[in-house]
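Quick note, the sequences are listed as chains A and B, same order.
FYI, the numbering for the first sequence is 1 to 996, going by this note's numbering.
FYI, the numbering for the second sequence is 1 to 218, going by this note's numbering.
What the hints contain is simulated information worked out from the structure, not anything from laboratory work.
Wrong hints could be hidden among the right ones.
Cβ-to-Cβ under 8 Å is the rule here; a few derived chain B residues that face chain A [to be verified]: (1) Glu-85; (2) Thr-89; (3) Pro-103; (4) His-105; (5) Arg-106; (6) Ser-107; (7) Asn-111; (8) Pro-113; (9) Lys-115; (10) Tyr-127; (11) Glu-174; (12) Arg-178; (13) Phe-182; (14) Ser-214; (15) His-218.
Cut-off 27 Å, straight-line C-alpha distance, at most; resulting in silico cross-link-like pairs (DSSO-like, lysine-lysine) [stated by the list, open to error]: (16) Lys-99(A) / Lys-198(B); (17) Lys-757(A) / Lys-56(B); (18) Lys-198(B) / Lys-90(A); (19) Lys-90(A) / Lys-136(B); (20) Lys-198(B) / Lys-928(A).
Treat the numbers as computed from the prediction; the structure is a model and nothing was measured.
For each residue, glycine too, the CB sits at the ideal point set by N, CA and C.
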Amino acid sequence: MNADTPLDLEQIRAQLNGARGRDYWRCLDEIAGTPAFQEFMHREFPAGASEWRDEVSRRHFFQIMAASFALAGFSACTKQPLENIVPYVKQPPELTPGKPLYYATALTLGGFANGVIATSREGRPTKIEGNPDHPVSLGATSVFMQAGVLDLYDPDRAQSVLRAGQPSDWTTFVSAMNAVMQDQQNRHGAGVRILTGSVTSPTLHSQLAALLAKYPAAKWQQWEPLMRDNVREGARLAFGEIVDTHYAFEKADVVLALDSDFLFTHPASLRYARKFADRRRIKQPGGASMNRLYAIEPTPTITGAMADHRLPVAAMEVEDIARALAQRLGVPGGVGVTSHDDWLAPVARDLQAHTGASIVIAGESQPPAVHTLAHFINEKLGNFGKTVTFTNSIEPAPVNQLASLRELVADMESGAVDLLVMIEGNPVFDAPADLNFADALAKVKTCVRLGSDDNETSRFCHWHISAAHALESWSDARAFDGSVSLIQPLIEPLFEGKTAHDVIAALAQQPGRASYEIVREYWWGQGWPGYENWWRAALDKGVVANSAAPPRAVTLAERPPARAAAAAPPKAGATLGKMEIVFRSDPTIGDGRFVNNAWLQELAKPITKLTWDNAALISPALAQREKLQNGDVVELKFRGRTLRAPVWIVPGQAENSVTLHVGYGRARTGRVGSGTGVNAYALRSSDALWSGEGLEILRTGETHELVSTQKNHNMEGRDIIRSGTLANFKADSHFIEKDQEPRPERKDTLYHPDEFKYDGYKWGMSIDLNVCIGCNACTIACQAENNIPVVGKHQVSVGRDMQWIRVDSYFRGGLDNPEMNHQPVPCMHCENAPCELVCPVGATVHDNEGLNVQVYNRCIGTRYCSNNCPYKVRRFNFFEFNAGMTAVQKMVKNPDVTVRSRGVMEKCTYCTQRINAARIPAEITGRKIRDGEIVTACQAACPVEAIVFGDLNDPASRVSKLKQQPLDYWMLGELNTRPRTSYLAKLRNPNPELTV
Amino acid sequence: MAQIFSSSSNTIARCSIVAFVIVVVGAGWVTDAIFWSPYTTYVHIPQVQPVPFSHKHHVDGLGIDCRYCHTSVESSHYAGVPPTETCMTCHSQLWTQAPLLEPIHRSLATNTPVKWTRVNDLPDFVYFDHSIHVNKGIGCATCHGPVDQMPLTWRENTLYMKWCLECHRAPENEIRPREEVFNMKWRKPGDQAALGRKLVAKYHVETDRLTNCSVCHH
């Protein structure tokens with residue numbers, strides 16, 4: 001639909017300039033009012049939605065489906081087949097049949113742990129929740145943690161030990177390693193290299209240390225494509241050693257993010273998001289206070305979208321701005337010239353007014369100098385020891401990973417490497433393009449990879465060992481604050497998976513030891529008193545008590561480093577006109593490791609809402625200049641390398657920055673990830689790991705269909721999202737209601753107003769837009785909990801995405817730097833539900849507690865309910881999306897929720913299965929369900945506690961109190977749908993000096 | 001031109017109308033009969049099991065309580081079918097050589113579970129919960145029938161939704177004192193209606209909620 005009518009950006013700009021201040025928009029097609037968009041919106045499901053439009057011809061489709069069609073009519077007439085009951089031989093004592101068990105464990109990303117509680121249903125893990133006792137998770141989860149359980153059952157996982165691609169076994173591998181290592185003995189391991197990601201596991205580190213002690217000439221190298229080298233080097237420049245910096249957002253009144261997405265990509269982002277949001281939540285109208293966030297970044301991120309003031313600048317320009325800010329604040333030696341002085345001066349004054357209560361945080365993608373400058377600025381602002389604290393590095397062996405990988409490649413090139421053991425990772429795909437990792441790898445005599453997938457690197461490996469998933473492994477890891485979590489398995493490895501501990505033990509010629517023994521032995525050696533009790537408590541709680549790293553003092557260097565000679569301070573605005581490429585972590589598939597995860601592939605990325613693809617993100621100004629439309633394929637030329645990529649116009653993108661999310665464009669991966677996106681790593685060289693100047697864009701005249709859900713489920717230009725400023729709110733706490741139509745009364749209906757009395761429980765939900773960061777964790781949590789199918793790119797493009805809770809993005813203001821707002825939209829559970837009135841078969845009905853329930857077995861698929869739903873929250877199974885699942889894939893399904901089939905409407909149920917799970921024990925003991933006992937899946941996952949569910953008849957419940965707040969509003973309340981889900985309006989806290 | 005229809009056509013037409021009605025009604029009747037027949041419902045058909053376990057012998061003869069084997073009936077949605085070990089609490093001492101018990105001994109020896117045939121089976125979109133029923137005074141026998149008289153277990157009721165709703169609409173007809181839930185010999189007293197109403201109030205059975213779809217369907 002992109003190509004139907006070209007977008008006239010000039011006209012869009014003119015329209016936005018003329019708009020009243022309140023007007024929100026969701027996508028460019030909407031403002032332009034293109035005929036295609038109008039039609040898409042009015043039809044709800046676009047033309048052809050109920051037709052089969054695929055490569056398979058209609059005729060062929062009917063041929064192959066004929067038998068199924070014939071049988072389909074009679075399927076209701078078959079009698080129920082006899083089933084088996086298969087009890088245990090010896091029932092585990094902790095198990096009550098039919099009741100889930102919960103295990104505290106941890107999942108790692110980039111080496112750092114997040115505590116989780118994993119649900120086990122009769123021995124199969126089905127759901128991940130955050131561990132409230134864990135200092136970083138605080139009970140919340142990220143999209144990656146939620147989707148971890150789908151990875152476990154991925155049928156494309158590596159399934160066995162492979163030797164040169166042929167099935168082999170572990171014993172053969174161990175004896176092969178024995179032979180190699182014995183050979184290496186007299187050479188002290190000079191030919192042995194081990195490549196891992198970032199390691200925080202104390203046990204793995206001790207194993208590696210022991211191995212290196214035994215083979216002193218062997219080397220351990222580390223590589224994460226989205227490494228934290230800049231953070232480490234920044235600390236080294238500032239303090240002379242590598243320390244980890246920790247931020248106390250709970251104490252910060254003013255935060256400045258220098259290209260930092262601390263709410264999403266930081267290893268402690270869940271904690272930071274919670275603490276940051278706690279300072280934005282409106283508690284008492286009278287003494288309401290909010291922190292203020294400034295963000296400087298080239299491409300809109302979750303953090304940038306939350307900012308009260310956002311400055312889109314090229315990534316290369318951030319250092320100049322940091323220097324200019326340092327100079328203003330009186331940091332010695334800072335020299336900065338920037339064209340953004342008007343913006344920076346009030347920010348500097350604001351920071352100075354909040355000494356000891358502010359944070360300046362630099363992003364992983366900014367060069368070390370920016371991090372050093374941030375340290376100097378924080379010190380100058382008196383934040384050290386207050387909002388900014390330091391610990392020793394949480395990684396026991398922090399290294400510069402680029403240097404580490406370079407050294408490895410040089411060794412491989414010289415033929416010095418006899419044995420390379422890779423623990424996970426995919427360097428052939430994600431190493432900087434100029435290192436030619438694959439060519440060097442070909443010179444290694446024996447290459448071993450422990451990996452969970454068959455990827456680009458696997459192809460070069462003589463041995464491929466299937467890796468155990470975290471839910472199948474014994475291990476340990478540290479969180480970003482240093483707290484240790486033990487990782488325990490919930491299930492035996494499905495595919496003979498091995499852990500890193502097993503592989504390193506095999507190298508150390510101790511292959512007989514299981515990971516369990518290795519981990520236990522390590523901690524035994526740590527001399528904890530009452531070891532057995534200590535071990536049990538650590539497993540039970542999911543985190544080792546008092547294991548966080550203690551804060552330490554740091555000594556700041558005299559002055560920040562001068563600008564690198566190669567890049568002398570440019571004149572103000574000198575970077576303008578030069579194109580810049582920016583590489584970023586993909587918000588749904590990370591560095592590429594989640595490319596085969598269908599939940600994450602289908603998840604609409606924050607802000608762009610793209611699914612199943614990445615794109616070259618360009619600014620509206622650049623699109624106008626180069627006459628580019630969404631989906632136009634361009635050739636990106638960067639430092640001698642080229643890549644063809646479709647473009648996507650992103651409001652708020654810095655004018656001359658082109659952002660590529662890495663991880664897509666895989667040459668070798670599973671069935672889900674194949675053929676999605678373009679490979680950004682192909683342009684990424686070691687001198688421009690995160691950004692670099694000198695990009696050229698050439699039009700190719702081709703187009704590629706990019707699918708964005710931003711247009712799906714559109715609710716037309718109604719008053720859907722409401723916002724204001726803290727100042728408005730303080731002046732009149734009820735300002736949100738003032739210019740709205742009054743809420744209709746209960747009796748204002750043609751139907752019987754007292755049909756339902758709701759005298760028992762009265763369920764309701766409150767969603768706080770003020771703290772929602774738009775991270776999508778709710779969407780994936782809901783997908784995992786409610787067995788929601790994945791439909792694929794084409795189906796999404798025709799508006800058939802199935803997620804029950806979507807996160808809408810709303811922009812306000814001009815194209816170049818609009819305000820960005822997120823709004824999660826689940827079913828509103830209307831008391832006067834429009835859907836219920838139009839169902840001819842009574843498949844959607846009300847219950848006594850106000851749930852709007854969908855009865856799958858009654859549904860005949862007229863879709864009238866969806867047509868009549870003003871919120872567009874109903875989802876229809878156009879096909880048998882659950883068909884063809886293997887036995888292993890089926891294991892992820894939640895047994896408490898019906899798996900829906902073709903022709904059935906479905907939607908958010910307020911997690912009715914969780915309501916019943918809380919109700920039954922409460923009724924058995926003869927008490928009411930306590931407030932907080934029912935936590936919906938979306939609520940449980942939310943890092944910022946934006947979603948609260950509970951009983952509206954209990955005036956003391958959290959949700960009742962939230963609904964009493966003056967910011968509470970009903971979406972489309974004027975329709976008298978009386979939604980049970982209501983929103984708290986969004987407030988911003990702009991700096992009066994900047995809002996002229 | 002000759003007549004197209006002969007005079008007998010009238011009779012044939014009348015007969016066809018009657019025949020058509022008979023066929024339609026008959027087809028409906030046959031469908032209904034099949035739908036409610038034990039062929040479809042399995043009602044009163046003893047199921048063949050790997051071991052011909054007799055509830056009659058164990059419950060009526062030996063007086064073993066339901067909960068000795070169905071351990072989770074009071075705390076979980078699933079009543080639980082005993083693991084092999086439970087059988088072995090007695091059968092490691094009694095009838096150790098009985099050929100009938102061979103599958104049980106083999107199960108323990110080889111650590112492979114016994115595959116029993118499910119007798120009472122609900123569709124997968126129904127979320128029945130044993131614990132709430134037994135705690136609110138619905139006896140085992142109310143749904144499962146006289147299990148203590150079954151040499152081989154059969155399904156006593158259709159388990160159709162219509163049958164569930166009979167009780168969900170009027171639980172006072174079936175409710176019994178909690179202490180009688182596992183008593184297979186308990187019989188409804190003459191004043192069940194009065195007792196039922198009393199117990200429904202006493203156990204806080206929310207009768208107006210019981211027919212909500214969301215009570216059983218997730």
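Against the structure, the hints come out as follows:
1. Glu-85: 5 Å, holds
2. Thr-89: 12 Å, violated
3. Pro-103: Status violated, d = 12 Å.
4. His-105: 11 Å, violated
5. Arg-106: 10 Å, violated
6. Ser-107: Hint on Ser-107(B): holds, closest Cβ of chain A at ~6 Å, below 8 Å.
7. Asn-111: Status holds, d = 5 Å.
8. Pro-113: Nearest chain A Cβ about 5 Å off; hint holds.
9. Lys-115: 5 Å, holds
10. Tyr-127: 7 Å, holds
11. Glu-174: 17 Å, violated
12. Arg-178: At about 11 Å, which exceeds the 8 Å cut-off, the nearest Cβ of chain A leaves the hint on Arg-178(B) violated.
13. Phe-182: Not OK, violated: Phe-182(B) not within 8 Å of chain A, min 16 Å.
14. Ser-214: 5 Å, holds
15. His-218: 4 Å, holds
16. Lys-99(A) / Lys-198(B): 32 Å, violated
17. Lys-757(A) / Lys-56(B): The given pair, whose Cα atoms are some 48 Å apart, is violated under the 27 Å limit.
18. Lys-198(B) / Lys-90(A): Violated - the C-alpha atoms of Lys-90(A) and Lys-198(B) are around 43 Å apart, more than 27 Å.
19. Lys-90(A) / Lys-136(B): 31 Å, violated
20. Lys-198(B) / Lys-928(A): Holds. Lys-198(B) to Lys-928(A) sits at ~21 Å (cutoff 27 Å).
Taken one by one, the earlier hints fail for this structure at numbers 2, 3, 4, 5, 11, 12, 13, 16, 17, 18 and 19, listed in ascending order.
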